[in-house]
Each structure stands twice: as C-alpha cells, then as structure tokens.
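Please model the entire structure based on the sequences and the hints provided.
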Amino acid sequence: MEGARGASLFGLGVAEARVQETDFTRLCMTVVDDAQMEEASAEVERVYQAEALKMWRAIVGYAGDPEIADDAVAEAFARALHHRDSIQDLRAWTWRVAFRFAAAELRTQVGRAEAHPVDPSEPSAEAADLVAALRRLSERQRLALVLHDYADRPTAEVAAILGCSTATVHVHLSRGRKRLRALLEVRDA
Amino acid sequence: MREQMEALDDLEMDDLWERVRTRTPSPEEPEPGHNWRARSLAYALSGLVLAFIVVLVMTLLPLGDEHKSPTVNTPPAPAPATATATLIGPVAADLHSLSSPASELAAAGGYVWAAQERTDTVEKVDPSTGDVIATIALNGSPAWLASGTDVLWVALGGTETAVVGIDTETNEIVFTAHGVTGPLLQTDEGLWGFEYRAPEPNWMVVLDPRTGEVIRHVEIQTQPFDVAASGGSVWFLDAQTGTVQLATQAGGAAGAQVITDQAAGVWLAGTSSGIYLSAWRSDSAEAPGGAGTSAFAALDGSVAPFGDVYNFRPMVVAFDHVWFVAGPHDGDLSGLCAMQSQSGVVDKCADINVGLEGLHDPVAFEPTTETLWAISATGSNLYEIRP
Numbered sequence: 001m002e003g004a005r006g007a008s009l010f011g012l013g014v015a016e017a018r019v020q021e022t023d024f025t026r027l028c029m030t031v032v033d034d035a036q037m038e039e040a041s042a043e044v045e046r047v048y049q050a051e052a053l054k055m056w057r058a059i060v061g062y063a064g065d066p067e068i069a070d071d072a073v074a075e076a077f078a079r080a081l082h083h084r085d086s087i088q089d090l091r092a093w094t095w096r097v098a099f100r101f102a103a104a105e106l107r108t109q110v111g112r113a114e115a116h117p118v119d120p121s122e123p124s125a126e127a128a129d130l131v132a133a134l135r136r137l138s139e140r141q142r143l144a145l146v147l148h149d150y151a152d153r154p155t156a157e158v159a160a161i162l163g164c165s166t167a168t169v170h171v172h173l174s175r176g177r178k179r180l181r182a183l184l185e186v187r188d189a
Numbered sequence: 001m002r003e004q005m006e007a008l009d010d011l012e013m014d015d016l017w018e019r020v021r022t023r024t025p026s027p028e029e030p031e032p033g034h035n036w037r038a039r040s041l042a043y044a045l046s047g048l049v050l051a052f053i054v055v056l057v058m059t060l061l062p063l064g065d066e067h068k069s070p071t072v073n074t075p076p077a078p079a080p081a082t083a084t085a086t087l088i089g090p091v092a093a094d095l096h097s098l099s100s101p102a103s104e105l106a107a108a109g110g111y112v113w114a115a116q117e118r119t120d121t122v123e124k125v126d127p128s129t130g131d132v133i134a135t136i137a138l139n140g141s142p143a144w145l146a147s148g149t150d151v152l153w154v155a156l157g158g159t160e161t162a163v164v165g166i167d168t169e170t171n172e173i174v175f176t177a178h179g180v181t182g183p184l185l186q187t188d189e190g191l192w193g194f195e196y197r198a199p200e201p202n203w204m205v206v207l208d209p210r211t212g213e214v215i216r217h218v219e220i221q222t223q224p225f226d227v228a229a230s231g232g233s234v235w236f237l238d239a240q241t242g243t244v245q246l247a248t249q250a251g252g253a254a255g256a257q258v259i260t261d262q263a264a265g266v267w268l269a270g271t272s273s274g275i276y277l278s279a280w281r282s283d284s285a286e287a288p289g290g291a292g293t294s295a296f297a298a299l300d301g302s303v304a305p306f307g308d309v310y311n312f313r314p315m316v317v318a319f320d321h322v323w324f325v326a327g328p329h330d331g332d333l334s335g336l337c338a339m340q341s342q343s344g345v346v347d348k349c350a351d352i353n354v355g356l357e358g359l360h361d362p363v364a365f366e367p368t369t370e371t372l373w374a375i376s377a378t379g380s381n382l383y384e385i386r387p
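Residue numbers (this note's numbering), protein chains in the order written: chain A, 1 to 189; chain S, 1 to 387.
Don't read these hints as lab results, they were simulated from the structure.
Accuracy of the hints is not assured; some may be wrong.
Taking lysine to any residue pairs in the SDA-like style, the calculated list, with each CA pair at most 20 angstroms apart, reads [what the hints assert, rightly or not]:
| # | chain 1 | residue 1 | chain 2 | residue 2 |
| --- | --- | --- | --- | --- |
| 1 | A | Lys-178 | S | Ile-220 |
| 2 | A | Lys-54 | A | Ala-160 |
| 3 | A | Lys-178 | S | Asn-202 |
| 4 | A | Lys-54 | A | Ala-128 |
| 5 | A | Lys-54 | S | Asp-14 |
Negatives, chain S to chain A, calculated, CB over 10 angstroms [stated by the list, open to error]:
| # | residue |
| --- | --- |
| 6 | Asp-126 |
| 7 | Ile-136 |
| 8 | Trp-203 |
Covered stretches of chain S, as calculated for chain A (at least 3 residues, CB under 8 angstroms) [claimed, not checked]:
| # | region |
| --- | --- |
| 9 | 5-13 |
| 10 | 18-24 |
Backbone N, C-alpha and C fix where the C-beta goes; we use that ideal spot for every residue, glycine too.
Here's what the structure looks like:
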C-alpha cells in the first residue's frame with residue numbers, strides 16, 4: 001500500500017503502480033539474492049585461502065599423488081561454490097568432500113598405472129620419503145594420520161570421514177603411528 | 001609423529017582457485033550437512049506429524065502405568081532428569097551436572113570420582129544425591145583413576161608423571177610415587193602402574209600401596225592402555241598393536257603372552273573367570289558364533305568370540321552382565337548396553353550418549369548404592385544408571 005501511494009505521486013494509476021511495485025520487489029529480491037550469493041562465494045574463497053594448501057598437502061600424504069590432490073581440492077571447492085548457500089559448516093564440509101573424492105579416485109586407480117607419485121627431487125627428499133612410507137600403511141591408518149596428526153582435524157571429524165567411531169580412529173592412529181615410525185626408522189638407518 | 005608429518009609442509013601446491021571457479025562439479029552423492037535447511041524443515045514437519053500421531057494414539061488407547069514407556073531425555077539438563085532406554089529393555093538413568101567436562105570415572109570409598117584434566121582436579125560425587133561434594137586440587141593432570149581400599153588412585157600425566165593416593169574420607173593426598181603413571185589397578189598383590197623407560201623395555205610396576213616401594217617389575221615391550229584383573233591374573237592392552245597380553249598369571253608367574261592378534265578397541269573389563277575385550281582373531285572366524293568383535297579371554301589365555309557386537313567397548317562387569325558402550329555406528333544398539341555374562345545375549349540398554357573422547361574409563365560401578373555411572377558425551381554431566 002505504501003508503495004502504491006508513493007507510486008501515485010509520480011502520476012501512475014493504481015494498476016500501473018501495482019505492476020511497478022511487483023517489479024520493484026522482484027528487483028530488490030534479486031539484488032538481495034545476488035548480494036547473499038556474493039557473500040557466500042566470498043566465504044568459500046576465504047575458506048579456500050585458509051584451508052586449501054593444508055588440505056592439498058594432506059591429500060598428497062593420503063593419496064600419494066599430487067594430481068589426485070589437485071582434483072580433490074578443486075572439486076570440493078567447486079561443489080562448495082555450487083551449494084554455497086546450503087552448507088552449514090563449510091570448513092568441515094570441504095575437508096570431507098575432498099577426502100571422499102580422493103578416496104574414490106584412488107579406488108578407480110587400483111590396477112591401473114595412472115599414479116603420479118611425488119617427485120623425490122622436488123621439493124624435498126623428506127617429503128617424498130614420508131609420502132612413500134605413508135603409502136605402505138593401510139588406507140584407514142593413512143587417512144587417520146594425515147587428518148589428525150598432520151592437519152589437526154578433531155577425531156570426531158576424522159571419524160565422520162572414515163565412517164567409524166572415535167575409538168576406532170584412535171586405534172587406527174595408534175597402529176599407524178607405530179608402523180610409520182618403524183618405516184621411517186628403516187629409512188634413516 | 002607430528003614433527004615427522006610436518007615434512008608434508010615442503011610440498012608446494014599451484015594456486016587452484018581459477019580451476020575451482022571454472023570447474024563444473026561432477027555428479028555427487030548428497031553430503032551430510034548439505035541442504036540442512038531443507039532437511040531441518042523436513043525433520044520438523046516429520047516431528048510434528050509424528051507427535052500428532054502419538055497424541056492421537058495415546059488419546060484413543062490409554063495404557064496402564066505398567067505399560068507406559070519411560071520418557072527418553074538425551075539433552076543434558078542442569079537439574080536431574082530422567083533418561084531411559086526403550087531399545088531392548090529400559091534402564092532408568094538420572095542426569096547430574098559436573099563443574100566442567102570430565103574425562104574419566106572411578107568409584108572408591110563409597111563415592112564416585114571424576115577426573116578433570118582441564119583444571120587438574122578430581123571431583124568427588126555423593127552417589128546418593130549425585131551432587132559434587134568436594135574438589136581436590138592436584139599437581140598435574142589426572143589421566144587415570146583407580147579404586148583402592150579407602151583410597152582413590154590417580155595417575156598424573158604431563159612432564160612429571162606420578163601416582164597419588166587420595167584418602168576417600170578426608171580428601172587428603174596420602175601417597176605419592178614419582179615416575180609412575182597409568183593405567184592403574186589395585187590387586188591383592190599391590191598397586192599396578194606403568195613406568196616408561198624408552199628406548200629400553202618398559203616396566204609394569206607393582207607398588208606397595210602403603211609405602212610406595214616397588215614390589216616387583218614386569219618387563220613389557222610396549223605401553224599399556226588399559227589393565228584388568230581376573231582370578232589373580234593381570235592383563236594389559238598394548239596401545240601400539242591393540243593386542244591383549246597377560247602380565248602375570250595366577251600363582252605369580254611373570255611374563256607377557258599375546259592372546260589375541262587383532263583387538264579392535266581400547267577397553268578391558270574383568271571378571272573372576274576372564275576378561276572381556278573388543279577383539280577379532282583370525283582363527284576364530286570359523287568358530288561357533290562367528291567372529292564378532294566382542295570376545296572373552298579365559299584364564300588360560302584362550303580367546304573365544306562372545307556375542308556379536310560390532311565395536312564392542314567393554315566397561316565394567318556388574319549384575320551378571322558386562323556393560324559396554326555401543327553406537328553410534330553399531331547397527332541397532334546404542335547407549336550403555338548390558339550383555340549377559342553367561343549367554344552373551346544383550347538384553348538391556350540405557351539410551352544415553354556416553355563420552356568416549358577421554359578414552360579411558362567413562363563408566364564406573366559404585367557397589368554401595370549398586371549404581372552405574374557414566375560420563376555424558378559432552379563430559380559435563382554424569383548419568384546415574386539403576387539397572
């Protein structure tokens with residue numbers, strides 16, 4: 001009503017004013033939606049800037065393949081952009097999606113010679129050795145170790161990604177640490 | 001281990017943001033947390049419809065008191081409330097508050113004690129009321145608790161490990177042994193603890209509970225995570241491999257013996273004829289009852305599958321039942337459940353969310369009031385369970 005009254009001041013009839021009012025409301029909603037979308041996209045970019053590097057390194061540790069890590073990180077944040085207004089905890093969500101994507105990629109590689117292992121000559125032999133040692137752990141041990149001991153993700157989040165209880169995560173961590181320590185000691189000896 | 005993992009920081013990533021912006025996401029499975037608004041609305045509507053149906057049924061079909069299901073009340077509440085299970089057989093529980101999240105429980109001297117790692121204190125709870133009646137300050141973080149005769153044993157973690165004994169009536173510290181930590185267990189022989197001596201082989205130590213003198217050492221190759229007594233034998237859980245070993249046998253013979261090859265959990269519960277553990281042994285796969293993860297180790301060291309509960313977390317043995325924490329990934333079971341110690345049949349559960357983050361013992365049996373106590377998932381509440 002206020003809109004119609006305001007519109008009539010500019011010489012418009014009531015019917016015309018109602019049409020104008022509807023268009024104006026739509027325009028306002030579009031502007032508001034665009035602003036919300038921009039804000040959501042900016043939020044995704046902020047999380048990307050804060051998390052992507054750590055996430056990528058953790059996935060290299062898990063998958064042993066920088067190309068899988070590239071794909072997994074890009075896919076997780078692309079999906080986040082796509083669903084940006086419907087994700088509650090963006091940080092945890094992108095970690096979960098990236099690791100699940102990497103796990104699926106790893107499974108498709110089984111039996112195929114498509115791996116792109118970390119080059120030992122760059123950037124450090126220690127990193128390449130660590131990735132090689134991690135590859136000798138079970139998949140779940142490796143996942144628990146890189147998420148918890150490297151990326152500092154809470155055990156509850158690791159459990160959600162692994163699909164198990166937190167107690168089981170601790171068992172994977174315990175066994176994985178022992179095995180990895182032994183593997184790295186052999187390397188150092 | 002964290003330092004070694006930092007080698008991953010040497011890896012360099014190309015900036016992927018442009019690739020993110022231009023990438024078309026692949027077809028995907030819905031993720032938990034995605035579309036939460038729509039999901040919340042759907043849940044809310046479902047809840048309303050369900051509530052309407054329940055009210056309608058209750059109105060049309062009035063039941064006698066003996067048939068009424070107890071109310072399920074899972075959210076923590078400041079005042080005592082009733083939380084009961086309806087899954088298999090209801091077990092009543094009350095909820096009590098602690099000052100801050102606790103990590104471990106024990107019953108000693110007729111009281112329930114809660115370890116507060118954040119404040120370096122132990123809280124003393126009156127089991128008849130559920131109220132915290134004293135807070136005892138410690139010189140370290142209380143990592144393990146164990147009950148003794150009129151004394152509560154506390155293993156302190158941190159840079160200076162020690163075991164202290166608290167008089168359960170006066171609340172005074174009456175015993176200190178430096179260099180020893182948990183897990184702890186008092187047997188007729190003495191107080192069992194652990195002495196970390198890496199790179200040398202480690203020791204389980206047995207201390208005189210009055211003087212703190214070392215009665216004897218049992219050399220082990222690893223770090224124990226939990227310890228349990230059974231019929232004069234002492235068993236410990238190897239934290240590195242998940243295996244359970246016999247530290248000493250009835251009759252005093254020392255030495256470690258591996259009794260299972262694949263334990264799946266980090267808890268033990270003992271009874272007079274053996275211990276309950278979360279385990280799976282490859283050669284038990286063909287045994288009667290299959291290869292569930294609940295297992296029973298007899299005094300002779302043999303392990304048999306016991307029941308069939310995925311991710312079995314045994315806590316205490318009371319009322320001819322072994323009480324274990326189940327869920328949230330254990331199929332139909334959830335809460336603190338009870339398995340008959342003779343048959344392996346699970347016949348009751350308290351539908352409560354027990355906190356497992358502290359990893360040690362979040363459940364204790366208080367014998368003078370015949371009640372079970374459990375730390376809630378948030379750590380800030382105690383459930384009092386009356387089987």
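Hints the structure violates: just list their numbers, smallest first.
none
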